[in-house]
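Under this note's numbering, the first residue of the sequence shown is numbered 1, with each subsequent residue one higher.
If you're looking for bench data, these hints aren't it; they were derived computationally from the structure.
Even for Gly, the Cβ is constructed at its ideal location relative to N, Cα and C.
Check the hints yourself; a few may be wrong.
Stated by the list, open to error - Once the Cα atoms are required to be at most 27 angstroms apart in a straight line, the calculated DSS-like pairs of lysine-lysine come out as:
no.: 1; residue 1: Lys157; residue 2: Lys98
no.: 2; residue 1: Lys176; residue 2: Lys105
no.: 3; residue 1: Lys202; residue 2: Lys157
no.: 4; residue 1: Lys309; residue 2: Lys288
no.: 5; residue 1: Lys165; residue 2: Lys331
no.: 6; residue 1: Lys98; residue 2: Lys202
no.: 7; residue 1: Lys309; residue 2: Lys286
no.: 8; residue 1: Lys176; residue 2: Lys199
no.: 9; residue 1: Lys214; residue 2: Lys199
no.: 10; residue 1: Lys147; residue 2: Lys105
no.: 11; residue 1: Lys85; residue 2: Lys188
no.: 12; residue 1: Lys191; residue 2: Lys273
no.: 13; residue 1: Lys255; residue 2: Lys276
Said to hold, decoys possible - Restraint-style ranges between C-beta atoms, simulated for each label pair:
no.: 14; residue 1: Asp141; residue 2: Asn206; range: 42 to 48 angstroms
no.: 15; residue 1: Lys286; residue 2: Lys214; range: 35 to 41 angstroms
no.: 16; residue 1: Asn23; residue 2: Lys202; range: 43 to 49 angstroms
no.: 17; residue 1: Thr20; residue 2: Gly247; range: 35 to 41 angstroms
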Amino acid sequence: MSKSQSVEPQIANQINQQLTSYNLPYFLEQQTVNEEIENALTRALSKSGGTGGNRVDCKLLLQDDALNYYPIMIEYKGYADKLVKLNSDGHPDNFNKKDNSPNHKNINTYAVNGAVHYANALLEFTSYTDIIAIGVTGSLDVSGSLKTQIGVYFVSKSNYGVGQKIGEFSDLSFLKPENFQKFIQQVKELKLTPAEIDKIHKDRENRIEDALTKINERLYNKQENLSALSRIHLVSASIMANLGVAGKVQPLEAKDLPSSTEEDYTDGDVIFKKIKSFLNAKGLPKRKQEQILNSLSITIKDENLSKPKNGQSLLKEIFMETVDDLGYFYKVGLDTDFTGKLFNIMFRWLSFAGDDQNDVVLTPRYVAYLMAKLTPFSTPN
């Protein structure tokens with residue numbers, strides 16, 4: 001039996017007409033919202049897992065009454081059964097259970113899953129922290145009229161990018177200026193349960209471990225005489241340089257590394273200066289800053305790592321791989337669990353007597369919360 005014809009063009013036309021009738025500025029696949037959003041969509045892996053960038057069917061950028069911006073990512077699919085694929089936790093199933101890698105089949109096939117994928121690209125590569133992901137599918141009834149289905153999900157740093165269903169909607173009128181504030185209030189009432197948070201943390205920790213294992217193998221293969229301690233220094237330095245400090249230190253990006261041989265402008269020099277600014281902006285005691293910088297400088301300022309080969313240094317290559325593989329985890333809000341997991345895994349790279357006593361001890365989250373309640377400290381402290 002042949003498959004029915006896709007109604008995606010009709011869906012796009014209907015949604016575009018709705019947005020036009022609401023007097024909302026929207027941007028189609030080839031149009032640019034702003035440079036920050038477009039750069040993020042270009043940098044992130046595509047829905048298929050390639051490097052061709054991401055082309056969103058329809059994009060908006062709306063403000064609430066408090067002048068907070070909310071990017072809106074809309075994805076269309078021309079078949080009624082392609083709205084959303086959920087996992088056992090009720091969230092869009094965008095990762096494979098076996099190895100925690102992106103489930104490109106689901107991301108590419110289902111409208112909501114694709115929109116959530118775009119939203120996560122913005123979480124990772126822009127300053128936006130709250131994004132609305134919308135999937136729209138549909139079919140023609142017996143009279144030939146288009147019947148649409150709409151899935152609306154909230155993707156945020158506060159929910160670790162998993163995507164929470166906001167409610168049931170028959171059209172996009174909730175985006176109208178007179179309705180948007182009420183919609184945002186509905187969004188703000190969404191909460192993850194402690195069990196959901198714990199599950200998300202465990203899943204992400206497994207993904208961190210997988211990512212670090214791959215980084216370690218690649219670093220070893222790139223240069224066999226690179227010690228385990230040097231590999232730890234390179235990963236740590238890349239993360240610190242890329243983190244930045246809001247309003248004080250701009251995050252280092254790969255484009256900022258010139259792979260130059262000019263004195264004081266090698267990739268090692270650039271990364272070292274950025275880390276120095278980062279530590280200072282974080283307010284660390286001067287003695288502690290000097291200890292960290294002295295430890296890292298031996299590796300970071302190694303001339304062999306900054307020496308360009310085919311126009312690119314090994315240091316820049318390592319920086320890009322670290323940011324690509326781990327950036328999502330430290331930019332989308334995993335709190336201090338990320339740091340503990342990171343160093344526990346990296347310490348395994350070391351081999352010395354008594355190394356089993358050098359783990360970072362992670363207090364279970366529920367114990368930490370109980371301790372906070374029993375003392376005059378808040379949980380952030």
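Results for each hint:
| no. | hint | result |
| --- | --- | --- |
| 1 | Lys157 with Lys98 | holds (24 angstroms) |
| 2 | Lys176 with Lys105 | violated (33 angstroms) |
| 3 | Lys202 with Lys157 | holds (16 angstroms) |
| 4 | Lys309 with Lys288 | violated (35 angstroms) |
| 5 | Lys165 with Lys331 | holds (22 angstroms) |
| 6 | Lys98 with Lys202 | holds (14 angstroms) |
| 7 | Lys309 with Lys286 | violated (36 angstroms) |
| 8 | Lys176 with Lys199 | violated (35 angstroms) |
| 9 | Lys214 with Lys199 | holds (23 angstroms) |
| 10 | Lys147 with Lys105 | holds (25 angstroms) |
| 11 | Lys85 with Lys188 | holds (24 angstroms) |
| 12 | Lys191 with Lys273 | violated (40 angstroms) |
| 13 | Lys255 with Lys276 | holds (19 angstroms) |
| 14 | Asp141 with Asn206: 42 to 48 angstroms | holds (44 angstroms) |
| 15 | Lys286 with Lys214: 35 to 41 angstroms | holds (36 angstroms) |
| 16 | Asn23 with Lys202: 43 to 49 angstroms | holds (45 angstroms) |
| 17 | Thr20 with Gly247: 35 to 41 angstroms | holds (38 angstroms) |
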